[in-house]
Amino acid sequence: MVGADYKRNDFLGRRIISSRKPTAFRIQMATFDHPFLPNASAPIRKMMLEAIGVASIDELYSDIPSQVRTNRALKVDWLPSEQEVKNHVDRMLAENKSASDMPVFLGAGIYNHYLPAAIKAILARTEFQTSYTPYQAEVSQGLLQSLFEFQSMIADLTQMDAVNSSLYDGSTALGEAARMASRATGRKKILVPEGLHPGKFSVLKNYAEPAGIGIETFRYDRVTGGLEKGNLVSKIDRDTAAVYCEVPSFFGVLDPEVANVPSICHAKGALSIVGFDPVSLGGLKPPGEYGADIVIAEGQSISTEMNFGGPALGIIGCRGENLIRQLPGRLIGMTTTLDGKERAFSMVLQTREQHIRREKATSNICTNEALFAIGAATYLSLLGPQGLRQLFESILVKTSYAIKMLSEIPGVVVPHFTGPHYQEFVVSFKGPKGTLGRLNKSLIGHGVHGGKSLVKDFPELGESALFCVTEVHSTEAVDKLRLLIEKLLEA
Amino acid sequence: MFHQAKWDEPLLLERSAPGKRGHNPTRPSDIERKVVGQDPWKNVPKALLRNGLPTLPEVSEPEVVRHYTRLSQENFAVDLGIYPLGSCTMKYNPKVSEAIAQNPKLEKIHPEQDESTVQGILAILHRLDEFLAEITGMSRMSLQPVAGAAGEYLGALIMRAYHKSKGELEERREMIIPDSAHGTNPASAAMAGFNVVVVPSNDEGTVDLEALRKVAGPKTAGLMITNPNTLGIFEKNVLQIAEVVHDAGGLLYYDGANFNAILGKVRPGDMGFDIVHLNLHKTFATPHGGGGPGAGPVGVRKDLEQFLPVPLVGFDGKKYFFDYDVPHSVGKVTAFHGNIGVLVRAYAYILSLGPDGLKAVAETAVLNTNYVLAKVLERSKFELPFSRRRKHEFVLSAKKISEQTGVRALDMGKRMLDWGLHSPTVYFPQIVEEAMMVEAPETESLRDLDELVEAFIRVGKEADSDPETLRSAPHNTSVGRIDEVKASHPKTLTLKWNNPSARAKAS
Chain A
1 MVGADYKRND FLGRRIISSR KPTAFRIQMA TFDHPFLPNA SAPIRKMMLE AIGVASIDEL
61 YSDIPSQVRT NRALKVDWLP SEQEVKNHVD RMLAENKSAS DMPVFLGAGI YNHYLPAAIK
121 AILARTEFQT SYTPYQAEVS QGLLQSLFEF QSMIADLTQM DAVNSSLYDG STALGEAARM
181 ASRATGRKKI LVPEGLHPGK FSVLKNYAEP AGIGIETFRY DRVTGGLEKG NLVSKIDRDT
241 AAVYCEVPSF FGVLDPEVAN VPSICHAKGA LSIVGFDPVS LGGLKPPGEY GADIVIAEGQ
301 SISTEMNFGG PALGIIGCRG ENLIRQLPGR LIGMTTTLDG KERAFSMVLQ TREQHIRREK
361 ATSNICTNEA LFAIGAATYL SLLGPQGLRQ LFESILVKTS YAIKMLSEIP GVVVPHFTGP
421 HYQEFVVSFK GPKGTLGRLN KSLIGHGVHG GKSLVKDFPE LGESALFCVT EVHSTEAVDK
481 LRLLIEKLLE A
Chain B
1001 MFHQAKWDEP LLLERSAPGK RGHNPTRPSD IERKVVGQDP WKNVPKALLR NGLPTLPEVS
1061 EPEVVRHYTR LSQENFAVDL GIYPLGSCTM KYNPKVSEAI AQNPKLEKIH PEQDESTVQG
1121 ILAILHRLDE FLAEITGMSR MSLQPVAGAA GEYLGALIMR AYHKSKGELE ERREMIIPDS
1181 AHGTNPASAA MAGFNVVVVP SNDEGTVDLE ALRKVAGPKT AGLMITNPNT LGIFEKNVLQ
1241 IAEVVHDAGG LLYYDGANFN AILGKVRPGD MGFDIVHLNL HKTFATPHGG GGPGAGPVGV
1301 RKDLEQFLPV PLVGFDGKKY FFDYDVPHSV GKVTAFHGNI GVLVRAYAYI LSLGPDGLKA
1361 VAETAVLNTN YVLAKVLERS KFELPFSRRR KHEFVLSAKK ISEQTGVRAL DMGKRMLDWG
1421 LHSPTVYFPQ IVEEAMMVEA PETESLRDLD ELVEAFIRVG KEADSDPETL RSAPHNTSVG
1481 RIDEVKASHP KTLTLKWNNP SARAKAS
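Heads up: the protein sequence lines correspond to chains A and B, in order.
Residue numbers are given in this note's numbering: position 209 of the first sequence equals residue 209, and the series is strictly consecutive.
So the mapping is simple: this note's numbering equals the position in the second sequence, first residue as 1, plus 1000.
Bound conformation, chain B alone (with noise of 0.2 Å):
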């Protein structure tokens, strides 16, 4: 039976010991003390001089390494078991790119190196561009976005940068975005300035097509989409909505946090789409780190180059150089060139499984989630609203199941903890009462599906059977359910504030 590591580890501060320490820094060498001579604190200023120590851990290194890795083990990753969390993509990070990143040649260069000694980074960014403009189908792309919500804001300012070109920014103020959309559609929008503009779903699932007609018009700056949308279903009509977005003069954006199940089987750009954002943490399977680093590069079609961010990178067809020959740029919108850690793993991905690789990813993530589904809908209670038809993701209701057993999709998501998975997604799309939305990507095998699908099962057995088990979940985790309620007060962000008098004790 799966049971989580729990070691009731205290923070390191409360270990802390005076005199501790678990690194010596480098002192400056005898030659460079005395050419200094006099006391080096004499040249701060005394109104920036700092009064004492900050309360740092005093630890020394094993307690340090051990306290880390105590806590490691208290957290369920991608490496421990299946995480079919909805809309993340959550696919296995191959061991090989993580090598490949680890190289000092990588680690220990400078973004403000001279170009003649970087000439293999900007060749890999270079191909990269090109291999992800040839899987979006776009014309060029910007690999400075560093995640998903980076890259929509870019798209965004290029909307602007856009309109403004056509002295239309002053009334395009109005982002379309389908009520199924991720929360950051909205909020990168509004963040760059626009209203939003929320588009229903219809019956099916897809863009209400006739509710997109009514509110495209002369106010409209662009459309915001992913596609197949988070409910897991392919917007068939995509072609009739570019052509409504594109004859309101809107430009169209795809969110490309479900590419996942459409890579090498349609692109973005034969569809009709004007920008896409790629995020190579989910798609291209780099690794989200417990949140991040991410990348987000940003691919336009071609007269839309002209407001990417700078630099890009050029060949000149015997050195690659940072081009800055962006006519009507946006500029920036990291201070470097991106996540080049993360770019560099993705790269490597590509290379690992080529055309036909690519496309087998895809299909064989679409395989694994319609498995999942056909078997938990074939054995349980757990209802599928909207059509059938499900690619990367599907999202289930609860709303039976809770109706008559009190017992809600938080329950369940929480009690699938105890049999060593994660829970899926749940509450979210909000357009689904007691959504659960799953996902199984294409690295995972056939028992990790069957595991799963098992646990949906037992969930709903246990709902019927056992609520109060289910209620009172997780049980083999490293805490029992916590109190989110309690923790949702500012005072709990920092010791500081959560608790002065351990901080007190402590230094």
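Here chain A stands alone, though its shape is the one from the complex (with noise of 0.2 Å):
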């Protein structure tokens, strides 16, 4: 299946890969020398299968039925020098235009926020990069300290007791606590927003549907876009494991409504899951202090690049033994040496998980993201308390900023939704079906990335697209926008 054809009907327009093919090689295979392979040159195989005992290494291989060895060449590329290799993905690279390249209004789960340099250089370090789950606590005690900082600072900014040290990502966080909740209460529901990231959804849905769990949606408020209140107390019934809220919501709505959430869910016995943004927590009330049960994160947004879409950092904590022995993967805790006398980090209550309790673990994850938990706790530690609000107020503004200027543009109504916002809002465009569509991609022909189209997933918004504003995005850029809109609309 690979081939010529695909070389051949490149976009670059030109053959890219290499078709050199290392025959010599073929022909004695054991003397592929590599830089990655210390021991494949053919003097070095030669006295290792000595010692083993073997003439060969097809012997080695000589369990395996004759009829599915693969007795050809793998049909995929070579590019002999690492020079060329990097090249070559670069070049792949060049194609894409970044929001390096231009201002992207994207947001919707994944954000663009200014990383600080200090954090790649730490996560850069390769003691971290390159070792594995810290198995082994006594040589792993600089992963285990730091993923341990993450659970507590995590746990401050949320109010929560317990944060384990990581999961894939904010999607699958929603998925296992999903799944918690309705261990812990027997339950067989999921209440959630109406406006929730589609994939989210469809991810939520993976992990619900095989345990038997039901989701249901409430819905949101047309007008102020925060819940509707009457709709969810309505929903809420004795099958109900938890109910699910944003803040900001998806739509970057701030809804004072979700304060009251947990208490209407506890008067029913069921549970209380939030949805928080990390850097919104410099400002806004920690989840724990109005009655969260569980929180959840995406923490791309303060541990490492867009990346397109991922490695992200999945969070997830909770409040209360009962909780914690429910929580999904690693878990780090303080202790000390047998002897008592230092201070020391361990992975804990492994009886939860899949090594060891096998399918009757609370979940299968084993790999997680502990990479850009480090990141996470970076993050935090450079920008601290007052940083940390800081940024929130500086996202704040901006967003005000970024919505007064919108709003003036004849056709356009911002905020959709009358309710406050925050690095988030969602932006209507008066006109004909395609509207949006033509002036998004009218605005990639400008050198800006509009908001995410609605259209399709939420029909009721009409024309109307979401919009993100972070700290990234100059005064400059919003005024670019705001200028090619309207020149483009009236176009």
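Any given hint might turn out to be false.
[Claimed, not checked] Quick list of in silico lysine-lysine cross-link-like pairs, DSSO-like style, CA-CA up to 27 Å:
{"id": "1", "chain 1": "A", "residue 1": "Lys404", "chain 2": "B", "residue 2": "Lys1046"}
{"id": "2", "chain 1": "B", "residue 1": "Lys1400", "chain 2": "A", "residue 2": "Lys360"}
{"id": "3", "chain 1": "A", "residue 1": "Lys433", "chain 2": "A", "residue 2": "Lys188"}
{"id": "4", "chain 1": "B", "residue 1": "Lys1108", "chain 2": "A", "residue 2": "Lys456"}
{"id": "5", "chain 1": "B", "residue 1": "Lys1319", "chain 2": "A", "residue 2": "Lys205"}
{"id": "6", "chain 1": "B", "residue 1": "Lys1108", "chain 2": "A", "residue 2": "Lys120"}
{"id": "7", "chain 1": "B", "residue 1": "Lys1105", "chain 2": "A", "residue 2": "Lys120"}
{"id": "8", "chain 1": "B", "residue 1": "Lys1219", "chain 2": "A", "residue 2": "Lys360"}
{"id": "9", "chain 1": "B", "residue 1": "Lys1319", "chain 2": "A", "residue 2": "Lys441"}
{"id": "10", "chain 1": "B", "residue 1": "Lys1034", "chain 2": "A", "residue 2": "Lys404"}
{"id": "11", "chain 1": "A", "residue 1": "Lys86", "chain 2": "B", "residue 2": "Lys1319"}
{"id": "12", "chain 1": "A", "residue 1": "Lys188", "chain 2": "B", "residue 2": "Lys1164"}
{"id": "13", "chain 1": "B", "residue 1": "Lys1164", "chain 2": "A", "residue 2": "Lys205"}
{"id": "14", "chain 1": "B", "residue 1": "Lys1491", "chain 2": "A", "residue 2": "Lys360"}
{"id": "15", "chain 1": "A", "residue 1": "Lys188", "chain 2": "B", "residue 2": "Lys1108"}
{"id": "16", "chain 1": "B", "residue 1": "Lys1166", "chain 2": "A", "residue 2": "Lys441"}
{"id": "17", "chain 1": "B", "residue 1": "Lys1318", "chain 2": "A", "residue 2": "Lys229"}
{"id": "18", "chain 1": "A", "residue 1": "Lys46", "chain 2": "B", "residue 2": "Lys1375"}
[Unchecked claim] Facing chain A, a subset of chain B residues (Cβ under 7 Å, in silico):
{"id": "19", "residue": "Asn1043"}
{"id": "20", "residue": "Lys1105"}
{"id": "21", "residue": "Glu1115"}
{"id": "22", "residue": "Ala1190"}
{"id": "23", "residue": "Phe1322"}
{"id": "24", "residue": "Val1326"}
{"id": "25", "residue": "Asn1339"}
{"id": "26", "residue": "Pro1355"}
{"id": "27", "residue": "Ser1488"}
[Said to hold, decoys possible] To be clear about the criterion: a stretch of chain A counts as covered by chain B if any three or more of its residues have a C-beta under 8 Å from a C-beta of chain B, and this derived list gives those stretches:
{"id": "28", "segment": "183-197"}
{"id": "29", "segment": "427-434"}
These aren't lab readings, by the way, just hints derived from the structure by calculation.
Keep in mind it's a predicted model, so treat the numbers as computed, not measured.
Beta carbons: idealized from backbone N, C-alpha and C, even for Gly.
Make one complex out of these two single chains by using the hints.
Here you go:
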């Protein structure tokens, strides 16, 4: 399937993969010298085969049924030098237009924040980068302490008792939270906002359905963008395990009603799951303070670049021992050495996990996003309480500025919702179907990437898009966006 | 002599002093402030307004960098020495892949960008799909799963969708899993709603075919298996296993955790597997990051493509695009497109090795591991349960040594830490008593392998001559042996619970 065809058709219009094949090597495979393979050369191989007591490599593979062995070269490309590999991938990536090339007003779960240089420096430490899960605690104290600090910082920020050392991303964190709530309550229904990122909703469904958990949505108020309390209350019943809310909401709305949801849930024996934006907790109330039982977040914004959406960082925390026993994934605890003399850290409560409990584990998660948990700990350490508060304020101001500027354009309704906004807001465009699609295309032509179209997923909002503004969006970028939209809508 | 760094580094919060900070975030411009006018905080509803500040560290940038750099020095890693952790494939992670992943044209693209602005990354993903499908012998890959277990979970979801499409999901509730399997297999199957049926290993350490025939039937959803298995033994009856499962109407799942052994030598698709995942952070040399990120792409045979997650990446002859046209798609298993940074590194790795290089990877990994095995068996009392023939890993039993000396596999593993190498995996798989599971990847030089051999010889000798040194090991690490029992309490998990007074003092 890999062959000349796609090469000929390559969008770059040139053959960028070398067709040179190492035929000499193929004839005498035992001499494939390669910078990554210290023992692949013929003399070393020979010596090692002798030590093992076999005549050839083939003998080590003789138990593979001959009819299924791969007796041909794999059809994958090869570039013989490191420089060629680097140049090739760089050339392919050069076809992308990134947020460094143009202002990009997209959010919806992945955010472009300025990442302090010190974070990249720490994450580039290969002692962290090239280590594995800290099964041997004595030789992994650096990672364990860093992860413990991450857990502690997030626990403080959210006012939870415990936080695990990471899940995959915000969407799987929601799936795990739903399953946790169902196990803890013995109930089989989760309520989520109608305005939920469609990708997140789909992931949730894949986590919930096999566990027999049903998902129902509650409506958002078509004017304020906040939740419709009556509708939510009417849907909580004796089988409701939990209600999920987000602050800010998918539409960027800061809905004060969310602070009442935990007590509404608790009155009916259900749990409250709150999704938070890590930076926003510099200025917003910790969900634990208004009674949330489980919190989740996408932590990409405080640990790593956007990277086309991954890797990200799933954050999950909870209150109370009962729920802690239901937490998925790795937990790091503070302890001492056996002689009791020194502080030390290790993985704890492992009997919840798959490598011990197998099919009875709280989750199948093994590999997680530990490196970015360290990134998040570094980020929160650098900004500190004052920096985080200041950043929240900056984004608050910039959001208001962008809303104000765009609202001056004829034919544009912004914010679509009347509620207060942080970081994101819905912009509606008057005009026939296709107005937004045409506008977004034209914007790209003029070097600006507009907001995420909501036309398909939220048709009730008409020709609308979700725009995002963070500290990386300059005044000039917002002004340019405004002028371009004005001009393009006129045309 | 090796000695790990030791800094007695406090928690950063304990270094905190009011007013210090390590980063000044960008403030709004004067124009922005002027236009917005009123106090921006007025916009925040009272019910959501934070009272007081969080208790985060207040420290300068150099203090933060020094703190985490010191901590990094208290962490063993592949870049420091051999990491023979069985089943984890801790191979060297090429630096060119890291350099490539630093590109702002990768780091600073948003997953919701218009296709026209992300043609480069889409082309890479499209090719990676083709490469991995060719490497595994499958028809098409989903690059969405972000870890091995996430791949397994997707595999189980695809099985659900497949049996549902045939109207058999209600009956087919059983997932057959060998007793030697990784814990993630039964956990993934159970999470996807299947009942786990364990099939025992025979005297050779492979799946007991007779036992399999007994449990396979109309209730079978599928079989999840690694090949070679966790003992490092190739399931030579794999074609019969496939036949039994397929005859029963089940699907055959290949767990790619041990794929490093067979890269370029035999393809899961050719062995009869229907669904496959690969661990790119193992076989394709992307760094493990202390536990993640990883990537666990899943490949399927042709007729199962209809169930893959959306979107796939298509190519219409001119441009690459997101293909949502998957008729019975299971939906999504991650909010966006997978761990792209990891996928790009793996793409670079494949190009760096090419067809012959990839094959040499597997061959050399098997060579290295067998070399260590031969030397250890020749010169020590460690035993090798089950058959002698191993691929990329092997599992020794320290039972005999343990019975004679009272020293356990755990103690021996801890002692190895004293010599600047990582311990093998201990106590797994559970079917071997006092198990020590060793994997010596292809990137380890002869010198490293000899060091590992010597470590086994030495722990064997010390168990006789100086058991106390082993029982109290490690001695040359940042801290001595840790009290993991005391640690296993929920209150150890965060500073807030663990030590309220320290927190109060710090704030």
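Structure-based check of all given hints:
At most 27 Å may separate the alpha-carbon atoms for a hinted pair to count; A:Lys404 and B:Lys1046 meet this at roughly 22 Å. Of the supplied pair hints, the one linking B:Lys1400 and A:Lys360 is violated, its CA atoms being roughly 32 Å apart against a limit of 27 Å. As the CA atoms of A:Lys433 and A:Lys188 are separated by approximately 40 Å, the hinted pair breaks the 27 Å bound. A C-alpha spacing of about 26 Å is found between B:Lys1108 and A:Lys456, which places the hinted pair at or below 27 Å, so the restraint holds.
Distance check on the hinted pair: B:Lys1319 and A:Lys205 sit about 32 Å apart at the alpha-carbon level, beyond 27 Å; violated. Using a Cα cut-off of 27 Å, the hinted pair B:Lys1108 and A:Lys120 holds, with the two alpha carbons roughly 14 Å apart. Among the hinted pairs, B:Lys1105 with A:Lys120 is consistent with the structure: their alpha-carbon atoms are about 16 Å apart, no more than 27 Å. Pair hint B:Lys1219 plus A:Lys360 holds up; C-alpha atoms about 21 Å apart against a cutoff of 27 Å.
Taking the CA atoms of B:Lys1319 and A:Lys441, the gap is near 16 Å; set against the 27 Å cutoff, the hint holds. For the suggested pair B:Lys1034 and A:Lys404, the alpha carbons sit about 12 Å apart, so the restraint of at most 27 Å is met. Using a Cα cut-off of 27 Å, the hinted pair A:Lys86 and B:Lys1319 holds, with the two alpha carbons roughly 23 Å apart. With a C-alpha separation of about 21 Å, the suggested pairing of A:Lys188 with B:Lys1164 holds against the 27 Å cut-off.
A C-alpha spacing of about 16 Å is found between B:Lys1164 and A:Lys205, which places the hinted pair at or below 27 Å, so the restraint holds. Restraint check for B:Lys1491 and A:Lys360: the C-alpha separation of about 23 Å stays at or below 27 Å, so the hint holds. For the given pair, A:Lys188 sits about 40 Å from B:Lys1108 by alpha-carbon distance, which is inconsistent with the 27 Å threshold. The straight-line distance between the Cα atoms of B:Lys1166 and A:Lys441 is roughly 43 Å, outside the 27 Å bound, and the hint therefore fails.
At most 27 Å may separate the alpha-carbon atoms for a hinted pair to count; B:Lys1318 and A:Lys229 exceed this at roughly 50 Å. For the proposed pair A:Lys46 and B:Lys1375, the alpha carbon gap of about 16 Å is at most 27 Å, so the pair holds. Checking B:Asn1043 against chain A by beta carbon gives a least distance of about 5 Å; that is within 7 Å, so the hint holds. For B:Lys1105, the interface hint holds, the least distance from its beta-carbon to any beta-carbon of chain A being 4 Å, beneath 7 Å.
Of the supplied interface hints, the one on B:Glu1115 is violated, with its beta-carbon coming no nearer than about 10 Å to a beta-carbon of chain A, more than 7 Å. Proximity of B:Ala1190 to chain A holds as hinted, the smallest CB-CB distance being about 4 Å (cut-off 7 Å). A distance limit of 7 Å between C-beta atoms decides the matter here; for B:Phe1322 the minimum to chain A is near 12 Å, and the interface restraint is violated. A least Cβ separation of about 12 Å between B:Val1326 and chain A goes past the 7 Å threshold, and the interface hint is therefore violated.
Evaluation of the B:Asn1339 hint against chain A yields a held restraint, the C-beta minimum of about 4 Å falling below 7 Å. A cut of 7 Å between beta carbons decides the hint on B:Pro1355: the least distance to chain A is about 4 Å, and the hint holds. At a threshold of 7 Å, the smallest CB-CB gap from B:Ser1488 to chain A is about 5 Å, leaving the interface hint in force. Coverage of the segment 183-197 of chain A by chain B is violated [criterion: at least 3 residues with CB-CB distance below 8 Å; count 1].
Under the rule that three or more residues need a Cβ within less than 8 Å of chain B, the assignment of the segment 427-434 of chain A is violated, with 0 such residues.
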